[in-house]
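Enquirer: Spelled out from the first residue to the last, the chains are:
Number of protein chains: 2
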Amino acid sequence: MKIALRHGAGGEETSKLIHGIFATYFQNDILNKMEDAAVLPKLNGVPVFTSDSFVVEPLFFPGGDIGKLSVCGTVNDLACMGAKPLYLTASFILETGLDSETLEKIVASMAATAEEAGVKIVAGDTKVVEGNGGLYINTAGIGARPSVCNISAANLKPKDAVIITGTLGDHHATILTQRLQMETSLQSDCAPLNHMVQTVLDAGVDVHTIRDITRGGLATVATELAEASGCRINLEEEKLPVSEAVKGLSGILGLDPLTMGNEGKMLLAVPYSEAEKALAILQNTKYGKDAVIAGEVTEGTGVYLLTALGSYRKVLPLRGEGLPRIC
Amino acid sequence: MKIALRHGAGGEETSKLIHGIFATYFQNDILNKMEDAAVLPKLNGVPVFTSDSFVVEPLFFPGGDIGKLSVCGTVNDLACMGAKPLYLTASFILETGLDSETLEKIVASMAATAEEAGVKIVAGDTKVVEGNGGLYINTAGIGARPSVCNISAANLKPKDAVIITGTLGDHHATILTQRLQMETSLQSDCAPLNHMVQTVLDAGVDVHTIRDITRGGLATVATELAEASGCRINLEEEKLPVSEAVKGLSGILGLDPLTMGNEGKMLLAVPYSEAEKALAILQNTKYGKDAVIAGEVTEGTGVYLLTALGSYRKVLPLRGEGLPRIC
Chain Z
299 MKIALRHGAG
309 GEETSKLIHG
319 IFATYFQNDI
329 LNKMEDAAVL
339 PKLNGVPVFT
349 SDSFVVEPLF
359 FPGGDIGKLS
369 VCGTVNDLAC
379 MGAKPLYLTA
389 SFILETGLDS
399 ETLEKIVASM
409 AATAEEAGVK
419 IVAGDTKVVE
429 GNGGLYINTA
439 GIGARPSVCN
449 ISAANLKPKD
459 AVIITGTLGD
469 HHATILTQRL
479 QMETSLQSDC
489 APLNHMVQTV
499 LDAGVDVHTI
509 RDITRGGLAT
519 VATELAEASG
529 CRINLEEEKL
539 PVSEAVKGLS
549 GILGLDPLTM
559 GNEGKMLLAV
569 PYSEAEKALA
579 ILQNTKYGKD
589 AVIAGEVTEG
599 TGVYLLTALG
609 SYRKVLPLRG
619 EGLPRIC
Chain V
299 MKIALRHGAG
309 GEETSKLIHG
319 IFATYFQNDI
329 LNKMEDAAVL
339 PKLNGVPVFT
349 SDSFVVEPLF
359 FPGGDIGKLS
369 VCGTVNDLAC
379 MGAKPLYLTA
389 SFILETGLDS
399 ETLEKIVASM
409 AATAEEAGVK
419 IVAGDTKVVE
429 GNGGLYINTA
439 GIGARPSVCN
449 ISAANLKPKD
459 AVIITGTLGD
469 HHATILTQRL
479 QMETSLQSDC
489 APLNHMVQTV
499 LDAGVDVHTI
509 RDITRGGLAT
519 VATELAEASG
529 CRINLEEEKL
539 PVSEAVKGLS
549 GILGLDPLTM
559 GNEGKMLLAV
569 PYSEAEKALA
579 ILQNTKYGKD
589 AVIAGEVTEG
599 TGVYLLTALG
609 SYRKVLPLRG
619 EGLPRIC
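Those protein sequence lines, which keep their order, are chains Z and V. Going by my numbering, the first sequence opens with residue 299, and the numbers climb by one from there. Going by my numbering, the second sequence opens with residue 299, and the numbers climb by one from there.
Just chain Z, with the same shape it has in the complex:
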């Protein structure tokens, strides 16, 4: 079946679509009530709230799809604040001509990712616009974090170690090579990182800052953190993890892994004294195997790269369009 405008009219056909696909895959005790808004159990902690829209093209790529991405993105944003992600909404803008089988595959992927992350999809919305069979997804998320928790973009401190949880540029390189119809072994790193983060927090590590390294790449994210905290970040070029495949592609196409987007990598800042402990914990998790200590926070401003030659090069945030519709 192809999605048509009537599926977005709010009448009988919308209802069939909701019950036939969304309610079937996302079902849980809260969603099943099908109210105008979901009534949640009381939260155990301070509420944390976020939202992201996803417009990635192509819809399916090695390592993921727009559905998986839409759950991971919001789950990871909550985890970055030290929150346990709990509830998501899922709102769909469908283009006419979209195959309902395609939609079903995407929704199944969202359900599987939500299951892995341990979150419930509790409410949603469906609209239809004229188009060419694509779709956009928005997810909003609520999590809860402990009353005492200072994790923040503004909480970097001099003498923090900067940990990067894995190789840089994989998602970006995957989307780009898919668009160029290149055959490669690249896989998006798209993953829900909340359990990885929780393991570090549960071990009592005094984490100052967590940020997922998405659009704009490490260069942009690190610049924002340095600015928010009033500190300087030094990254060691030789320690930054980049896969051989991404290195090769970057060489050929003139890309810089520092400004390439990721969907399953984080930067964590912890006091130097706790860095080795945090690293060992991360390396023992499913998505943190390649974690490294790749830099440090100092007094000052800006982000600098200590090159293999021993000089410092200023790192600038992404300018220009990067790769459109990467997430």
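Honestly, the hints are just simulated from the structure, not real lab data. Any given hint might turn out to be false.
All copies of an identical chain are treated as equivalent in the list; a pair is satisfied when it fits inside any one copy or across any two copies.
[Claimed, not checked] No farther apart than 30 Å at their CA atoms in a straight line, the calculated lysine-lysine pairs in the DSSO-like style are these:
no., residue 1, residue 2
1, Lys331, Lys612
2, Lys612, Lys314
3, Lys300, Lys584
4, Lys314, Lys455
5, Lys340, Lys455
6, Lys331, Lys455
7, Lys537, Lys457
8, Lys457, Lys331
9, Lys545, Lys403
10, Lys418, Lys331
11, Lys575, Lys300
12, Lys418, Lys537
13, Lys340, Lys418
14, Lys612, Lys545
Got chain Z sorted already, so can you dock chain V onto it with the hints?
Expert: Chain V alone, transformed into the frame defined by chain Z:
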């Protein structure tokens, strides 16, 4: 300035757009922290959570615009559960070619509506896709409701009175006539109804069900409620409020106000014994002046219209496409 793909890349241009427009109009103590996710004060009550996307065309119409609509829609969904709306996220999918002045007007309208509703916009997201200068907005919302509150779509009871808070079909008729470039005096009813609802709840009225009468119109909404509650709803044709302008348009174009969408009208079900009290309170509010008792809940199933001739006619939910992109 025209929006281009670089504004969605997550780098310097995205940051300028966020700070230049979104952060300027939406500013508050929580949003200003610009974290990956907003850390909220503890909620006073049970959390209620919802999300809606908005794709209305045209972007501006008499009585409102996509920005006002996007705030009202989510605020009203929370109010329908008896919750006090508190926090919203605002996520934008911008099409290339969108004028930044147009975006700014829409964002200003969102900020003004949020102010009226008493909610804070605490987080957001911006993506850019290729297109023709349009945009889509998603808002998600969190509210809090009292621990003891049974307001639900499934809580209609026989001997409830059905109150409709104002005239039907205004938003639908406005969007339709704008598309047809007809000159009329029609105005969308788009409005934040949370204060109206709160006034009724604060007076201690035992409200069983609240539903905003949006896409699909009263016919669709009443059908869903009757089904969820296992009851029958009888509506009195002569009591249903419809403006002369909407009546005239419906006559000419063969429309049915029962399936026309609204953006500032609600159905409330309250025990018959409290109906007059609730009505008087509603009629004393800004958006409830034209409220009427228009029907009743009985044992049985389905929705029926008591016609002027004294016969009962079965009311069916909207089938087919209604009016695409009405909200």
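Enquirer: Hint by hint, say whether it matches the structure.
Expert: Status of each hint after checking the structure:
1. For a Cα distance limit of 30 Å, the shortest separation of Lys331 from Lys612 across copies, 26 Å, qualifies, whereas the shortest one inside one copy, 54 Å, does not.
2. In this assembly of identical chains, the alpha carbons of Lys612 and Lys314 lie at most 30 Å apart only when taken from different copies (21 Å versus 55 Å within one copy).
3. Taking the closest pair of Cα atoms, Lys300 and Lys584 never come within 30 Å of each other, the shortest separation being 38 Å inside a single copy and 43 Å across copies.
4. When the C-alpha separation of Lys314 and Lys455 is checked against a cutoff of 30 Å, the pair qualifies only between copies, where the shortest distance is 26 Å, while the shortest distance within a copy is 53 Å.
5. Taking the closest pair of Cα atoms, Lys340 and Lys455 come within 30 Å of each other only across two copies (27 Å); inside a single copy the shortest separation is 34 Å, beyond that limit.
6. In this assembly of identical chains, the alpha carbons of Lys331 and Lys455 lie at most 30 Å apart only when taken from different copies (17 Å versus 46 Å within one copy).
7. In the homo-oligomer, the alpha carbons of Lys537 and Lys457 lie at most 30 Å apart inside one protomer (18 Å), although the nearest pairing across protomers, at 72 Å, exceeds that limit.
8. Taking the shortest alpha-carbon separations for Lys457 and Lys331, only the inter-copy value of 23 Å comes in at or below 30 Å, while the best intra-copy value is 50 Å.
9. For the identical chains of this complex, Lys545 and Lys403 are neighbours neither inside a copy (32 Å) nor across copies (44 Å), given an alpha-carbon limit of 30 Å.
10. Taking CA atoms no more than 30 Å apart as the test, Lys418 paired with Lys331 passes in both settings, with 13 Å inside one copy and 27 Å between copies.
11. Within a single copy, Lys575 and Lys300 get their C-alpha atoms no closer than 53 Å, and across copies no closer than 49 Å, so neither meets the 30 Å cut-off.
12. For a Cα distance limit of 30 Å, the shortest separation of Lys418 from Lys537 qualifies neither inside one copy, at 38 Å, nor across copies, at 42 Å.
13. Both within a single protomer and between protomers do Lys340 and Lys418 lie at most 30 Å apart by alpha-carbon distance, with minima of 15 Å and 21 Å respectively.
14. In this assembly of identical chains, Lys612 and Lys545 lie within 30 Å of each other by CA distance solely inside one copy; the values are 21 Å within and 67 Å between copies.
Comparing the model with each earlier hint shows violations of hints 3, 9, 11 and 12; every other hint is respected.
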